[in-house]
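Protein chains in written order, with this note's numbering: chain A, 52 to 356; chain B, -3 to 593; chain C, 227 to 558.
Some clues are possibly wrong.
[As the list claims (entries may be wrong)] Output of the computed footprint for chain B on chain C, the stretches with three or more beta carbons under 8 Å from beta carbons of chain B:
#1 242 to 256
#2 404 to 415
#3 484 to 497
[Said to hold, decoys possible] FRET-style restraints, in silico, Cβ to Cβ:
#4 Gly486/C x Gly537/B: 31 to 41 Å
#5 Thr241/C x Arg298/A: 50 to 60 Å
#6 Ser334/B x Gly486/C: 24 to 34 Å
#7 Ser381/B x Phe518/C: 34 to 44 Å
#8 Ser327/C x Arg74/A: 30 to 40 Å
#9 Ala407/C x Asp377/B: 51 to 61 Å
#10 Glu332/B x Asn326/C: 26 to 36 Å
#11 Glu346/C x Asn350/A: 23 to 33 Å
#12 Leu295/B x Gln332/C: 42 to 52 Å
#13 Lys87/A x Ser334/B: 31 to 41 Å
#14 Pro487/C x Ser381/B: 45 to 55 Å
None of these hints come from the bench; they were simulated from the model.
Note that the structure is a prediction, hence the values are computed from the model and not measured.
Just so it is clear, CB atoms sit at the ideal spot from N, CA and C, and this is done for glycine as well.
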Amino acid sequence: MGEVVHGVRVVSPFRARATVMARRFREIGLQILHNKAAVLGLVILVFFVVLAIAAPWIAPYGPLEAVPDALPLSRSSSSHPFGVNQLGYDIYSQVIWGTQTSLIVGIAAAIVASVIGTAVGLISGFVGGWLDEVIMRFNDVVLSIPWLVLMIIIAARIGNLDLWGIIFVIGFTGWSVTARVIRSQVLSVKERMFVERGRMIGSSNAHILIRHVFPNAFPLVFANTILTVAVSILSESVLAFLGLSVRNTSSWGRTIADAFRYNALTIGMAEWIIIPGLCLVFLVFGFYLFGYALDEILNPRLRRR
Amino acid sequence: MIRVRDLRVWYPLRKGLFGELLGRKREWVRAVDEVSFDIRKGEVLCLVGESGCGKTSTGKAILQLVEATGGDVFIEVPGAEFERFREASSNPQETGSEGIADEIRRKYSITWKETARWSVPEVYAFTAMAETALVLALLVPAAVMGLVADPFTSSWATLGFGLAVGAILGFVASVPPARPWRRSPMLLALLSIVLVIFAGIPTFYFWGIAHGGLGSLGGSAIALPWERDLFAMLLSTGFAPIVAAGTSALLFDIRQRTGGLGGIRMRGLRRRLQLIFQDPYESLNPKQSVYEIVAEPLLVNRITRNPEETTALVLAALRDAGLRPPQEFMFRFPHELSGGQRQRVSIAAALVLQPDFIVADEPVSMLDVSIRTGILQLMMDLRASRGLTYLFITHDLSLAWIIADRIAVMYLGKVVELGTAEQVIGQPKHPYTRALISVVPSPDPRKKGERIILKGERPDPVNIPTGCRFHPRCPMAFEPCGWNAAEVADELRAVASSGPWPALGEIAVTDPRAISIHPPPGASAQSTAEALRAAIAQDRGTRLALKGVADVVVRGDSVVVMLHEWSEPPLLELGPENMVACHLVTPPGTEAAAVTA
Amino acid sequence: MALLEVRDLVVEFKTRAGTVHAVDHASFELKEGEALGLAGESGCGKTTTALAMMRLLPSNGRIVTGSINLAGRDLVRASETSMQRVRWKKLSIIFQGAMNSLNPVQRIGRQIAEPILLHEATAKPEAIERAGKLLELVGISRDRINDYPHEFSGGMRQRVMIAMALACNPSLVIADEPVTALDVMIQAQILELLERLRRELGLSMILISHDLSVLAETCERVAIMYAGKIVETGPVVDVFSDPKHPYTQGLVAAFPDVRGPRVMPEAIPGDVPSLISPPAGCVFHPRCKFAFERCTKAEPALAEIGPGRRAACFLFPEVPEVSESEIPAETR
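Bound conformation, chain A alone:
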C-alpha cells in the first residue's frame, strides 16, 4: 500500500488526499441530506434529470413527430394527455423533450459563463492595478445592459442559432456577474496570511493563484454556478418563446409560444401554457433551492474557531 519510511508506514500523498476528499464529500453529503431545502431541491432536480434522460423511452412520440391519429389543435384525450398542437405534435411528448433542451442548454451555458467569469475574475482580482480597473469598467458596461435585452438583441441579430450557438450566446452574456463575484473573493483571499506565507517561501504568482487563491474562492464559484444554471434555463425559455432559440428541437418556451399564438386560452387548452410553465418554475426552483442550500453548507458564514 505504501512505502515504509523511517520505520513507519506511509501512504502516498495522493492516496491520502483522495481519502480525505472522500471523507469531505461524505461530510458534505450528510449535511446536504440534513438540510431540508437541499433535499427538496435535489428531489426536484433528480426528477427532471431522470425525465430528460429517459425521454426517448417515456415520450410516446419524438420531438418532431406529428401524431397520425389526432387532429391538430385537439384537446386532451387518453392517448394525448395534453392534446395536440397546431403542427400535430403531442404536447405531452413536447414537454418531456423540452426537459432535455432546458437542462442541456442551462447547464452548458452556465458552465461557459462560469469558466469565462472565473477566468476574468481571477485574473482581474489577482493582478489588480490598471488591468483590474479596465476590466471592471467593461464589466460595468455589460452589467448595465439588462441581460435579457442584450441576449435577445444578440440572438436576434445572429439568427439561426444551433444548439452551441445558443449556449454561447447565453454564456457570453452571463459571465459578468460571476466575474464580479469571483473577483471580490479573490481580492479578500489575496490578502490573507497564508497567501503571504506562499509568497515568502518563493512561490510564483501562478502557484499562489492555483494553489491558494482558487481553492478558497472555488466554493463560492460552485454555488454561484448552480444559480447561474437557473438563470440560463430561464433565458433559454425566453429566447425560445420569442422564437429565437434552436429551430428543430422542442422547448418549453416554444410550446408556450405556440400556445399563445394559437389562442390556447380561448379554446380552453390552458394546460398548454400552464404545464410547461409549471415545469419551468419547478426546475428553476429546484436549482435555486439546491444552490442556495449548497452555498450555505460550503460557505458557513458564522463558523466559530
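With chain A fixed as given, assemble chains B and C onto it according to the hints.
Structure of chains B and C alone, referenced to chain A:
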C-alpha cells in the same frame, strides 16, 4: 550575520487621483525611518515596541516580504568588506567611494535594486496576459457594436476595429508594470495555452477560409456579423503581441528588478531566511492538509525529486516541531488542530527548508498562556540543536525579558534603545523605555512599582514630531528635544487663556523656529515681553513645551519668541553593547561613538 | 455586606455535538466597592458566567440551577421585564472586543446616549448632555461628542465603552477582557481610569481576564476558573504569591515576570478538557502532577482552606466531595 543600516520602509499614503494630479505633495507613512542594528549569529534579538512602531515592517523588510524604500540589509558580509563599505560611505566626497559602496551593496545587500531590460519572452507573456483579459472583456461590446450599430459598420470596418483594438492593446500592454513580473515557465506555459485556445477557437471556425483561399474573405465564410467579430478577434490576438514586443524593444529599455544578489541567489537565500507568522489560524490555508502545507516550500523550490523524499522531510520537520507521532498529523486539516498545534505546523513549514535565520512575528501572542511556554521552549531548543538565529518581534516586554539575548526598543520607526536584556530591562536609560517597563504588570502583586504613565497616545506615523519623536510625550524633555513653533504657540495660547497673566494678544507662527506676538491693545511690546518671560520662567516645569523657548525679544512693536535649535538624537553608544538615542542621556556635542557595530 | 452572591451556578449549552457544561456549580461573592478578578484561560467559562449574570445567554444556553443574588434580588428567577429594570441600571457590562463593535455610521454622543434613552425616560437633549458629561468622566474632551468611531483610537474607543457602561449609574460593572487588545501603555491608562472611577463613583467591579498580571494590578480578590469550575478564590496577593490549587500554581508559573528572574515559565502539560464530556472526578486531574486515586473518582467541592481562601482540591483534607447539597457560605 545580518547588518541592517539606515533601513527605511515608507508606505505611500494615497491622496486619491485628484490629489496626485493636482500635485499635492505626497505623504508617506514612515513606518521604519532609518533603523540600524546588527543581528549576530546564534543570538535572539528581540524587537519590542507598541503597535505602530515599525517592528513588523522591519522584520518583513529583512525578509523582502515588504519592499524597503531605502537603506541596506547586509547578509553575511565579511568584516573586511564591511569596513571598506563603512569607510566609503562615511567619506562620500572622495572619488570612487560611491562606487566602492555600491559594489559592496550589490554583492551583499538584499535591498539593492537594479534595472534591467525586458526580455522578449517576458514581454510576450505579459502582453498575452493583458491581451487575453482585455479581449475577453471586449467580446461583448465588440459584438454589440458589430450588431447594433449596423448602419455604421461593414465587415471591413469591424475588422479594422478589431485590428485597431489589438494595436492599442499591444502598445498599452508593452508599458512595463510598476511591480516586477515574476517570471516562471509554468506561467508562460499557461499563458501560451490560453493564447492558443483563444486564437484556436476562431481559427478552427474559419477553417473554411484556409480551404477556400483568401478570395472567399468577403464571401460566405464571414458573412454573419458575429463571425466577422470573431475573425477580428483572431487577428488582433495574434497581432497585438508582435506590436507589443516591437514597441517595447524600441521605446522602453529598463525596468525594475529586485534582488541585488540576483534572481537565483535570492532564491537560495529565501531558503535560509524564514518567517513564523502571528496568527496560527490565518497563516494556514484551510484547504490544504498539514502535509501539503509543510511540503509546499520543498515543492516550490524544487528541492526534492520524488514523493518519498518529500514525505521523509515533512515527517522530520513535524517531528522536530513537536508533533509526535508525525504520521497522525500529516493528513489532518488546520481546522482539526488546536492553536498550539497549528503554530507548530507553521514552525515545521519554516523548518523544512533548513533555514539559518528565522523572523518570528509575535508567534505566541494569540495562544493561550499555558501553551506559550511549549512553543517558546521549542524555539529555544531548535536554536540550540540547529544553530538558528532569531529576530523575535513582540510587544510583550515580559516575553522579551526571558528569551532575548539583546533587545531593541522601537518607537515610531526608530530604535531608541539597544542593549542586552539585562541592560534594557534592568537599567533602562531612554525615558520611553523606562516608562514602558514601569507600566508592564507582573503576576506578583507585591511587585507593584511606580508607574510612569505617559499622557496621550502615540502620534500618527504620517505626522512624525520634529526633533526627537518622543518629545511631545516625554516627561523629561528639555531644550534641544524638538519643540517647534506650532507646539510652543499652542502652549502659549493655553498659558494666555488660563492663569493670571494678561492676554497676550495675537499669536502667529512666522517660521518653524519663531513666533511673533502682537501685544494686546493698551500694552507695550516691552511690558508684554517681560510678562511673557515671567510666565515662561514660572511655568516651564509643568508646561514642558515652554522649555523650547530660547529667548523673548522685542522687534519693533511686536514680540518675537525665538526657539532653541533642535535635532533628532542619534543612536549613540553609551557603554559596551548599550546604545541609546536621547539627548538627555547623550547631550548633543558629546563625542560618543556613533552606530558602527 | 456582599453586593453580589453567586451560588452553585450551572449553565449549559445545547449544541449539535452534545450538551456543553459551560459553568459547573460556580460560587463566589463580591463586596460593595470591591474589585473581583475572574481569571482563567479561553473556554473556561468566565464570559459565560458574566452573560449569565446579565441573563444575556444565547438562545441555546440556559441557566440550569443556582442563584445570582444582586442586592437581595435573585436574577436567575427574575422575569425578563424585571431584568430589563436591572440591566444597565444596577448591573452593566463591557463586552469583550466591544470597542470594535461601535456603530460606524452613528456619532459617539448618540451611541452613549442610547442606553440612557432606552432605560430611563429622559428627553433626547438631556441624554446627549449626560453623554457629554460621561465623556469627560472617562477623560475624553466633550467637543468630540459629534465624532464618529473611526476617528478614535483603540484606547479611546474603550473609554467610550466604559462611558456607555456607566450611562445609567450602575452599582456593579462587569468588564470582560477590557485591555486585552491594547498596547501596554494604553492598558495602563485604562486600568488607571477604571481605578479612579471605582474610587470616585464607589463602583464594584468584576474584571474578567486571562492575563493574571492585569488582575494582580487592579483587583483585591480573585477567583480562578478552569473548565467551568471555580477552583480557587481569595485575596489576590495571597492567591498569586502562594497559590494552593495545582492549576493556579501552574497558571501563575506560566506567566513571565519582567521584575522576576529570567527563567522560562513552566507549561501545564496536556490540553483543556472537552466541556461536553469532562473527565470523571476532579476535572483537572489528567493534567495535575499531584493527582492521586481519590481525584479520579470524586469531585472536590470549593471549600474554605484558610482565612478568606477557598480551593477545590483533595490535597486539602478539609475539602469535601461535591454532593447535591448547597455549599455553605464563606464564613468571615
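Item checked: Violated constraints from the hint list, given by number and in increasing order -> 1, 9, 11, 14
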